[in-house]
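S.K.: Okay, here's what each chain looks like letter by letter:
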Amino acid sequence: MKWGVLVFPGSNDDQDASWALSEVLGQEAVALWHKEPDLKGVDAIVVPGGFSYGDYLRCGAMARFSPVMQSVRSFADAGGPVVGICNGFQILCEAGLLPGALVRNRSLRFISERVKVRVENADTAFTRRCRSGEVLDIPIKHGEGCYFADEQTLDDLEARGQVLFRYVDASGEPTPEANPNGSLRSIAGVMNVRGNVFGLMPHPEHDVEAMTGGEDGRKLFRSLIDSFEQRSAATAPRSSAAEGRP
Amino acid sequence: MARQRAVSAETAAEHGLSAEEWQKINTILGRVPTLEELGVFSAMWSEHCSYKSSRAHLRSLPTTGSHVIQGPGENAGAVDIGDGLAAVFKIESHNHPSFIEPYQGAATGVGGILRDVFTMGARPIASLNSLRFGAIDHPSTSRLLQGVVAGIGGYGNSVGVATVGGETYFDAGYNQNILVNAFTLGLVRHDRIFRAAASGVGNPVMYVGSRTGRDGIHGASMASAEFDQDSDEKRPTVQVGDPFTEKLLLEACLELMESDCLVAIQDMGAAGLTSSSVEMAGRGGLGIEIDLDCVPQREQGMTAYDILLSESQERMLLVAKAGREDDVKRIFDKWDLQAAVIGRVTDDGLFRARWHGEEVTRIPVEPVSTQAPLYRRHAEEPKHLNELQELSIASIPEPSDYNAVLLQLLASPNLCSKRWVYRQYDSRVRGHTVVGPGSDAAVLRIKGSRKGLAITVDCNSRYCLLDPYVGAVIAVCEAARNLVVSGARPVGISDCLNFGNPEKAEVMWQFQQAIAGIRDACLALSIPVVSGNVSFYNETEGRSIPPTPTIAMVGVLDDVSRCLAQGLRRAGDVIVLAGRTREELGGSEYLATIHGTVRGAPPWIDLGFEKALQAFVRAAAEEGWLRSAHDVSEGGMAVALAECTLASPERLGARVDLEQGMRADVLLYGESQSRIVLTLDRQGWPRLRDRATRDGIPVEIIGEVGGARFEIGDWIDLAVEDLVAAWEGALERALRVVA
Chain A
1 MKWGVLVFPG
11 SNDDQDASWA
21 LSEVLGQEAV
31 ALWHKEPDLK
41 GVDAIVVPGG
51 FSYGDYLRCG
61 AMARFSPVMQ
71 SVRSFADAGG
81 PVVGICNGFQ
91 ILCEAGLLPG
101 ALVRNRSLRF
111 ISERVKVRVE
121 NADTAFTRRC
131 RSGEVLDIPI
141 KHGEGCYFAD
151 EQTLDDLEAR
161 GQVLFRYVDA
171 SGEPTPEANP
181 NGSLRSIAGV
191 MNVRGNVFGL
201 MPHPEHDVEA
211 MTGGEDGRKL
221 FRSLIDSFEQ
231 RSAATAPRSS
241 AAEGRP
Chain B
1 MARQRAVSAE
11 TAAEHGLSAE
21 EWQKINTILG
31 RVPTLEELGV
41 FSAMWSEHCS
51 YKSSRAHLRS
61 LPTTGSHVIQ
71 GPGENAGAVD
81 IGDGLAAVFK
91 IESHNHPSFI
101 EPYQGAATGV
111 GGILRDVFTM
121 GARPIASLNS
131 LRFGAIDHPS
141 TSRLLQGVVA
151 GIGGYGNSVG
161 VATVGGETYF
171 DAGYNQNILV
181 NAFTLGLVRH
191 DRIFRAAASG
201 VGNPVMYVGS
211 RTGRDGIHGA
221 SMASAEFDQD
231 SDEKRPTVQV
241 GDPFTEKLLL
251 EACLELMESD
261 CLVAIQDMGA
271 AGLTSSSVEM
281 AGRGGLGIEI
291 DLDCVPQREQ
301 GMTAYDILLS
311 ESQERMLLVA
321 KAGREDDVKR
331 IFDKWDLQAA
341 VIGRVTDDGL
351 FRARWHGEEV
361 TRIPVEPVST
371 QAPLYRRHAE
381 EPKHLNELQE
391 LSIASIPEPS
401 DYNAVLLQLL
411 ASPNLCSKRW
421 VYRQYDSRVR
431 GHTVVGPGSD
441 AAVLRIKGSR
451 KGLAITVDCN
461 SRYCLLDPYV
471 GAVIAVCEAA
481 RNLVVSGARP
491 VGISDCLNFG
501 NPEKAEVMWQ
511 FQQAIAGIRD
521 ACLALSIPVV
531 SGNVSFYNET
541 EGRSIPPTPT
551 IAMVGVLDDV
561 SRCLAQGLRR
571 AGDVIVLAGR
581 TREELGGSEY
591 LATIHGTVRG
601 APPWIDLGFE
611 KALQAFVRAA
621 AEEGWLRSAH
631 DVSEGGMAVA
641 LAECTLASPE
651 RLGARVDLEQ
661 GMRADVLLYG
671 ESQSRIVLTL
681 DRQGWPRLRD
691 RATRDGIPVE
701 IIGEVGGARF
711 EIGDWIDLAV
721 EDLVAAWEGA
731 LERALRVVA
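Those protein sequences? They're chains A and B, same order as listed.
Using the working numbering, the letters of the first sequence correspond one by one to residues 1 to 246.
Using the working numbering, the letters of the second sequence correspond one by one to residues 1 to 739.
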C-alpha cells in the first residue's frame, strides 16, 4: 500500500509518520510537499502533526489553502482514505473535511503525556483491528486539542457512530479528570459521514514500538491496511469476476 | 574614514568599556573609532563574547581525547560516537533576558542553542534545560517559572525538537537572578560537520533568515552587567523569538549542507552581524567586507549602528562558493526564506562595513581577538566561609516522626514531581526518546543502529556555595553517575558556568575553585569538556547567586535495549546498595527543608572510589545483570528509595533495612556521595557480589522489592499511595497553579 505523508514547512511529526509506516509497518511512504498538487498516486494520506505554517493565526487556518490540500480534498471526495493527526486533525476541520473545531486546551497550556482513549466504534476502516470499548494507551501533545462543535452536530456525530475515540480513565470511563483538554463529550477523534476521513488528537505514529513507549498505535494503521487489502482483493480482476463485484 | 563622529572616552564608558580598553582601541586603529566601531568593540569585548575574565582559567580544563572531534571554540562541541556519527552538543545560558522577560528570554535561549548545533551540520534531536528560580514562595517565582516553561515549550515544541529532561531548582539565592541554561544535542556524520572559518578570497558572504530589526541591540552588553532597580527598563534588549522561522532555517540550512555550495556558516547570536562576521573572518585569518544596505531590514530608518548590533533572532551568516549564489538562493526560496549577498571575503584582514556608500567600520580583525582584554582578576576566599562550613550534627534536633519527614521532603519544591513542568514539553517528536523526563538521565536511541545516547544536566549549587571546589567535583561525578545508572559510558561535557560579578574577589575565587573542581573530576573520570559557556554578573544590588557550574554530560550505550531506569520493576527482586554511607549532613536537602539551615561541608568525595564504583555499575549494566539503578543524591537514601517506588511502572513498594551505627536522620537523609541503589533478581546476587569484591566496591543487600507499603527499618512505614500523594501535585500546590 502506498501512503502519502503531507509535509508543510512547519510539519514536525511527518518523519515519525513515515518511519512508522515504512520502517515499522513495511509500507511504502512518500512525502507530499505542500506546494505540489501532485499526490503521486498514493492509496492513503496522512496529514501529520506539527505547526503547518507556524499556526500563529489559528491552527490549520492557512494550511487549508495550500496547493496540496486542494488535491487532498478531491482525493477525499473520491473516497480516498485520509487520516489527520493532531495538527492534521485541526487542518481537516479547518478545511471542512471534518465537522467541528479544535480550540485551546482548557488549561491554556500545552499538554504532552500518555492518555487512555476508548474505541467507540470498531466497525470502521480506521479501527477494525480494535474492539469496541477497547481502551488504548497512546500519547497526546498539543496546545489546541479541545474538540468543539454545537450540540446538534455532536448529537449527529454520536448517532451516526462518527465518534471513534473518547478520553477515558483506567477503567474506561470518560470522567472530567480523564479529559486532558476539555474536549466536549471527551471526544478525541471523529470520522466524516462517508467514513473515509478521520481526525484524532492522539498520536498513533508515536506509538508503534515498545522501545519508544508502546504499540497500540499500530492497530490504527493496520486497520487501514486491512481495509485496503480487502478492497484490493475484491477489486482485483480475477476475484471481482469470480465474486461478481464491480 | 568618510565621517568622524564625536566619540570620546565618555562614549566608551557608556558602552561599558574601561579607560584601558578605550586606549587599546585607539592603539589598534591608530585613531579614534567611529561610533559604529565603538559598538563593534564594546560587543566583541563584552564579557559575554570575549570571556575576558574567564579565558585564562578555562584553559586549564581538559578538552581533548581520542574521540573528541571538536573541542571548545566552535559553535558547539562534537564527539565521535562510532558508526561514522558524531554527537554535537552545547549548553548555553539565557539568564538575564529570562529574568527580564521570561517567555521570550527562555524561548530565544532555546532558539540560540538549536542554531549553535545545526550550524555545525547536525540535526538537533533532543534538548535539556537547567532552571533555577528563587524561593518557591517569593512573589516573582510563580510568574517567572510559568513564563520560562511556556517559553521553552512554545519554542522547542514548534521547531520540533524534543525536550527530554532537565532540572528545576528553587533557592532564595536566585530570587533576583534566575538561571535558564539550555542544552541541545544533534547528530551528524563525521564528514558533514561544518565549521565557521571563512575561506576563499572573493567568495560571497550571504545573509539568510529573518530580517534585521531593532530588537536585542546590545543584548551581549546587557548580559555583562549586574541588575539594579531599573532592570525592567532593559526589556527592549530582549529579543523576540519566531520558532516557525527557526524551523524553516533549520531545514533550509541542513539542505544547503547536503549540497556543495557552502564554505562556512555561523549563527548570528550575541552581537549579531558583528560577531558572526568578525569571528568567521578571524578563524580564517582573512577579512570580510559587507554592505549594510544589502542587509534585509524589518523597519525603515535603521542606522548602521543598529544593523551591526541588532540581535534579531533566526539569522545566519554564511560564506558560499563563488558562482553558487543562485543555488543557495534556490534552497532558501524553497523554504520561503530570504538569502541575500551582503559582502565578500577579502585578503586584507579587515572588517569593513559600508552604509549608504560610506565606510563606517575599518577594523583589523586579528587584534579584536588576539588583543582582546584578558583579566586575571583578584580572587579571595569569602569571609565567613569557614564558619559556614562548621556543622555539629549533635546540635541538630532529631525528628520524632520519620514518616512525616519523608513526606515533607518528597513534597518539597526541589524533590517533588516536576511533571507540571515537563508535561508542557513535546518529549517524543522524531522518535528517539527511550527514557524521557523524570529520570536520572534521558536515553535516546539512534535510528538504524543498536546504539543509544544518554544525556543529563546536573549541579547542586548548595554544595557549591559551601565549597565551590567540592561542589563542582560532585556536579561532574553526579552527572557521570546519572549516565552510568542508565547504562551509558560518559564521553563528553558541556559546562555552563553561572556566577556573580567577576570583578569581586570572592566571586572570582568561587569561579576559580569551581574550574579546578571540574578539571580534577574530568581528569579522574577521563571525560573532556568539549563546549560551554560562562555567565557572569548574575547579581542584583550587590547580591550574587550561589555559584552554579552546571554540567551537561553525554554518554553512549552500545546496546540501547540494555538501558536502565530507576523504577522498581519486579516484586521479589533484591535491593542492593553499592557504596558507603558516611556520617555527614552538610548542605543536605534535609537540613534546608526540615531544619531551615544551609551549612556544613558538602559530602566527602573520593574520585578514585567514584571511578571504580561507576566502572562496576556500568559493567553490571552491560552484562544485563541489573533490573534498575538509581543514584543516591538530594534527600539521601530514604528519598532515593522512595523515588525508585515512585518511578516504578506498577508503583511497587519495598521493605528495606539499613545497618545502624549512626543517627537515623543521617542514615536516612545524609547525602554521602558515590552510592547507587540497584535491583536485581536474587539469583544474580552471588555473581554481582563476587564482581564487586573483585573491584573493591562495598555492596550489600538492603531489602526487597514488592508490596503496597514502603518501609525502612523501624523508622518509616508508609503506604505507597501516601508517597504518591505527597510527591505528585506538590509543585502545583506550592505555585497555586492548576495542573
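The hints are simulated quantities; they were obtained by calculation from the structure and are not laboratory data.
From a predicted model like this one, the values you see are computed outputs, not experimental measurements.
Ideal Cβ placement from N, Cα and C applies to all residues, glycine included.
Hints are supplied without guarantee of correctness; some may be wrong.
To be verified - In silico contact screen, one side only, chain A against chain B (beta carbon under 8 Å); selected entries:
#  : residue
1  : Asn12
2  : Asp13
3  : Gln15
4  : Trp19
5  : Val103
6  : Arg104
7  : Asn105
8  : Ser112
9  : Pro139
10 : Arg185
11 : Gly214
S.K.: Now look at each hint and say whether the structure bears it out.
M.R.: The hints, checked one at a time:
1. About 3 Å separates the beta-carbon of A/Asn12 from the nearest beta-carbon of chain B, less than 8 Å, and the hint is met.
2. At its closest, the beta carbon of A/Asp13 sits 6 Å from a beta carbon of chain B; the interface hint therefore holds under the 8 Å criterion.
3. For the restraint placing A/Gln15 at the interface with chain B, the shortest Cβ-Cβ distance is roughly 6 Å, inside the 8 Å limit, so the hint holds.
4. Because the smallest distance between the Cβ of A/Trp19 and any Cβ of chain B comes to about 6 Å, under 8 Å, the interface hint for this residue holds.
5. Interface restraint check: A/Val103 against chain B, minimum CB-CB distance 17 Å, threshold 8 Å, status violated.
6. Annotation: A/Arg104 was flagged as interfacial toward chain B, and the flag is violated, the nearest CB pair being 13 Å apart, outside 8 Å.
7. The interface hint given for A/Asn105 is broken, as the beta carbon of that residue sits about 10 Å from the closest beta carbon of chain B, more than 8 Å.
8. Checking A/Ser112 against chain B: minimum C-beta separation of about 5 Å stays under 8 Å; hint holds.
9. Given the 8 Å rule on beta carbons, the hint for A/Pro139 holds: about 6 Å separates it from the nearest Cβ of chain B.
10. Below 8 Å, beta-carbon pairs count as interface contacts, and A/Arg185 has none with chain B, the closest being about 21 Å; its hint is therefore violated.
11. The interface hint given for A/Gly214 is violated, since its Cβ lies 11 Å from the closest Cβ of chain B, which is over the 8 Å cut-off.
Checked against the numbered hints above, the structure breaks hints 5, 6, 7, 10 and 11 and satisfies the rest.
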